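The listed protein sequences derive, respectively, from chains A and B.
Numbered by our numbering, the letters in the first sequence go through residues 26 to 137 in order.
Numbered by our numbering, the letters in the second sequence go through residues 30 to 145 in order.
These aren't lab readings, by the way, just hints derived from the structure by calculation.
If you're wondering where the values come from, they're calculated on a predicted model, not measured in any experiment.
C-beta atoms are modelled at their ideal positions from N, C-alpha and C, and glycine is treated no differently.
Hints should not be assumed to be uniformly reliable.
Computed Cβ-Cβ distance ranges for the label pairs, DEER-style [said to hold, decoys possible]:
no., chain 1, residue 1, chain 2, residue 2, range
1, B, Asn99, A, Thr102, 39 to 47 Å
2, B, Trp39, A, Ser28, 29 to 37 Å
3, B, Thr131, A, Glu91, 34 to 42 Å
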Amino acid sequence: AQSVTQLGSHVSVSEGALVLLRCNYSSSVPPYLFWYVQYPNQGLQLLLKYTSAATLVKGINGFEAEFKKSETSFHLTKPSAHMSDAAEYFCAVNTNAGKSTFGDGTTLTVKP
Amino acid sequence: GAVVSQHPSWVICKSGTSVKIECRSLDFQATTMFWYRQFPKQSLMLMATSNEGSKATYEQGVEKDKFLINHASLTLSTLTVTSAHPEDSSFYICSARDPRGTTEAFFGQGTRLTVV
């Protein structure tokens, strides 16, 4: 079975600082990995996805993630945090059929 | 990308009543759709897999008689919460994969259910 683990349920950074949200996966087959953002009382918004085309994936709003098979990781980064980045972030792995397994989520707080 | 539409976006119902939530794929056909539930401050958990023309597959611990799923067409799956109780209050969200594309799942907007 596939799974993802998000290390750190809460991450706090200052505005302008680097954002690093960690995600490790477990999969017996090449994984399809995704990062989503969820603002309060809203649905999911796709930030970026890894589907084996390139290991460094660029997404929306300045976010990117690097797939590292040797480390079974797919960490999300952003060079400079904005106040508007404060939200809940979920890493997910999909089956071929599109069934998603989510990590527990990481709450990102951005301090002024 | 493909679009999945979910309706209603929020609903308040009285304890003991039933509520139906619709999930539609607007520009593709989906033989399979997925239903998730998200309690406050928690992650999304798969409830069931909806299969067009056949019975849904429920995850362990999900009552199939309480959460009725119907997938009567290739573009519509419905989730009915029967005899709702306050503990069923949650955020319900559906998803589907466009078979013409990758494994990316397209999510509906979600439905906030409050049972009073």
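Hint check results:
Separated by about 42 Å at the C-beta atoms, Asn99 of chain B and Thr102 of chain A satisfy the suggested range of 39 to 47 Å. Range check, Trp39 of chain B to Ser28 of chain A: Cβ separation about 31 Å, and the 29 to 37 Å hint holds. Distance hint check for Thr131 of chain B and Glu91 of chain A: the Cβ-Cβ separation is about 19 Å, which falls outside the suggested range of 34 to 42 Å.
Consistency with the previously given hints fails for number 3 only.
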